[in-house]
Amino acid sequence: MTDSEVTMTITWNTDGSTEVQDSRGYRYLLSIPSSEGAFSLWQNSSVVDQRVIGAEKQYDIFWRPAQNSRGYEDRYEFFIAGTSANATSIKLAIDDGDNNSIVQDDKLRVIHSSPTTDSKIDFDVQGVEGIVSGNNEYEPEGLELDWSDAIDSGYQVDFDVETSLLTIPVGAGGGKPFLIDPYVVGGTNTFISPEIGNYFEGQTRIVTTNNTRLNAFYYDSSNIVYRTSDDRGHTWSSAFSLGTGTVASDKHRWTVVHHIQSGGERINVIYWHVVGNNTNFYSIRGNVTWPSASISWGSPVQIGSTTVNSGCISASGSCVGVATAVDGNGTIYAAFKWVASGATYFSYGIKKSTNGGATWSDSLAEVTGVSIYRPALTLTPLDSTKMLFAYLKYDSADLYYRIFNGTSWGTVQTVTGTGMASNTYKQISSTVDATGQGVVTYTNVTASAGGIVKIARIFANGTFSTIETVDSTLRHNLPSIFSYPNGDLNILSISNGKVYVTRKIAGVWEAPFNPFGTTFTSLDQLSGAIVLDGALAGMWRESTGSPYNVVFGLLEPGTVMQDSLIFNSPLSSESFAGERRLVESSNHTQFAFYDGGFNIVYKTSKDLGRTWSASATSTGTGILGSDSRKWTIAYTHYNSTERITLVYVQEDHSDNTLYAKTFVIHDKSLSLFSTRALRTETTDNSCLPGGICATTAAASSTNGTIFVTYTFKTGGNWYMQDYWSKDGGWSWIPSPSPTQFTGMTGANEIPVTLTRLDSGKMLKVYTAYGWDHLGWQVYNGTGTNPWGDFWSGCFTCLSSNTTKQIASDTMDGFSSNSSRMAFVAYLTSGNHGTLKVAKFYGNGTFAGVETADSTLDHSIPAISITPDDNVHIFTLSGGNLYETLRNATTGWQTPNTTYGTIFQSPDQLTAKIATTMSTGILLREGNSSPYTLRSDGQFSLSNPMTCNFHVSKDFHCDRHINPKPLEGYTFFLETPDPVNNNTKGRWDLHGCMASRLIPIKCVDTSIFTRYPETVLYLGQTHYFLGGTISIYGVGVPYFEEFQWTGGDATSGGNLDKIFTFNNVPAENLFGLTDEPIQFVVTYSYCTNVSAPCSVEASTVVTTVNLVLTVGYDKNVR
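When we follow my numbering, the leftmost residue of the sequence shown carries the number 19, and every step to the right adds one.
Honestly, I wouldn't trust all of these hints.
Said to hold, decoys possible - Cross-link-like lysine-lysine pairs, in silico, BS3-like; alpha carbons within 30 Å at most:
#1 Lys857 to Lys744
#2 Lys1075 to Lys686
#3 Lys686 to Lys744
#4 Lys516 to Lys269
#5 Lys109 to Lys269
#6 Lys679 to Lys744
It is worth saying that the hints were derived from the structure and are not from the lab. Computed from a predicted model, the values in this text were never measured in an experiment.
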């Protein structure tokens, strides 16, 4: 039998066994012992997941097809990913059937008694693949189980020949899964960009096609090649060669330009190649095919030429470099630098193409005598026709630039006082910001250690604006700058052997941070890009020598943190009670809390969770006990201020203390209002050392009272104690005495959840390990103990003697014109199974059970109910995040992958506290340290309205609404506003830039709103306090906000206000489809003894939210 005829079959069985056999008769049976835990088998079109949930650990064995060096899928690889709270081990049983086996230090080989062929199949802890040995003189044929990779990664893998058990110890120090990130794109003698101690011009290497596919370009010493990824960079294709041949010096200064115009989506790769005594400049154009995203490459087009200069590297070129940009009309500009044969000084010139790279002509003729050293060049568009060309010189500390005004290039302008040094190489890149200014970034580098990062701003008319220091705490190399339509700036760089991102968010430069981890190997080259849906991507080169690794990293929108110490929620194998971590204020600032290992900390997002503050703020809790995931937060209003209460338990030797910390939201930040120790108890001996055997729950009622429930174990007994605060967290009232639970054998904690009922009432629901039912109490606010009788129900709803997971929230009924209803989500098998909800009426009466979904095996049911009365339950199942939605009118929907289908071992999940704006999730994922904590969300606004119209026609949209809580009052929106409508009658449509590369259309628009000055609600007069109007790009990351008080005019007891917005994106980022925008208006009313209402004196704040979605029609332009 020849090598090519050997085939291998893998069979995954539902009993947890995997059979591997080949066509020669060799076989393995790899089994998961039943003692490991509950087993389930999951599979989609490409991945098999063997999932194990045990008492001390949970893990997944993922199998997926892998490619060989030629790009063909000819094998399967597998990895083990899991988590355990304590040190434990993973055990796999091996059955070699009727074969013999040989055990070595790092492998086991299943063989016959004598060798027959020279083939073998390598089967290791990382993967299964076919390997043909060139000589089998010393090794018999067979199937090989090789765990050397696991040993190389630091794991002590043991095989017991007596029991045939393979044992892998895990969990020391919190667990260490078996997959290492980030992802290797390719490995060879590769070149991405200039090295850190060299000239740099922000060369582009990563582009997105068809909005979904990543394309990563690099030079492999023979050709420019690229690889593609359709799963956000997790896996990559084999390399495709462009057939460029060797790139002449400088071989790392070529670039890629991506653009879309009426002819379609295109990529141009611009490079140079020596032909005889000339260095020819070329562009090779690729046309992107929709929807496959495949690229059809044409023949190289010669752009220009110069003579070879023997003084360049290896005498193989003309020291060429290029910078590119695309203007608002789709014209490509390419600025070249070179030094010709016999020349002493560098020249530069700028070419342009108006037909997507098919032909090229001069935009700026050759300029000679620039410098005897390589200048560093950059290009960026300013508006639809203007361009900024800037450059730096080795022997100068100044910045030089020219402006193209749409017709011709202006004279060279010089900026002094840049902070740069003379007589050193220069590094530069540029972009255009949301205001239309050109932004040039550079470093004052004086050595290979890097320099301080700065930016120079230049107005579109060519006037120099200012210089800003971005960061002086580190010394940076290779700075690439990127802009977002909301005004944010991101700079990617290398410092101290790590990749950093430095961001300007809401007008403030933040401290640099490491989004791609902190471990790199001899990092020396870097390129970046904005890709996909606004994610920041980086691609870099690692290794101490050839072959190098080309590595890709993606900073996803919504990434809160990447670190080795991140704890979000209980694991899917643990008890869960709907703990909260994420909340949004009325001005749409989001706060994400998490356990950073040494403290509960929080980060802030000012753009609806797309980006988060670089540094976390400590809450001062200190290190929590081993039950550290059982803390929570609650959100409320008090005295016209918004407040967040953090409830947690701190261990001090043998005592546990329950704390409540309350923060006041001031604008877009938090300030500590109070810290209160609510109860101290002696920890039960069964919980020590390090454990606390405690759970917490917290929520607020309709009147703003904050409620806390605390369950704990002391003296061998379980207890529950309640607290509430009616003054915004300043003082707390305890229930008369703790309630003792009986019959709690086998329980290690009592999951408890709180949610609001009718006015002032609260519902508390709990369960226990040995129970098959739910228990509950209702707070009615009267008597010596306002918490009423204990009730039990929903018998046989849950499996007894299982760890339980529950969560709750309340539907207020405003949008569905129904009564208030509380929902408690639970799982039929305790911590997994069918997803169900128990319902309770607004008075606390049990209202029955509904099945939300029985098609999946769910875990961690995090619930969030929005003001539109939609019930959102987020769960983990089979390695994916699902949302099961109960629509207010049509009932439960099929579970949906709302937040995508690509996840990396998600294991901790919490739901956002639903506000008038939106809901969402906070998710931890990762196969190994560093873990990623990311947020995601969606608008689910009350009272949505839609008006589609042609922006170029004399038409306007108006809508009014009567919110249910404020019957008899009208809130009114109209666009364009009546004043401008009398003169213009439409929105102004014009070109603008929403990204560095892609020109799109924008509009200038306006909106008029009319709202009552006072409203009568719940028997009290509410006075208008103030409002917030925000405008969002639905398909473009765009956000702008105004806040106001009073009104511009008064009309019959109503107030009028007009707002204008400029440069609002009217297309998606690629200019291919029209995108609507949303006006979101919040009106706030408060009570007081007399008008006008003041924040300090108010006791109740009522808000009304309207949203107007306005569309476009591209055909009428």
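Quick check: which numbered hints come out false for this structure?
5
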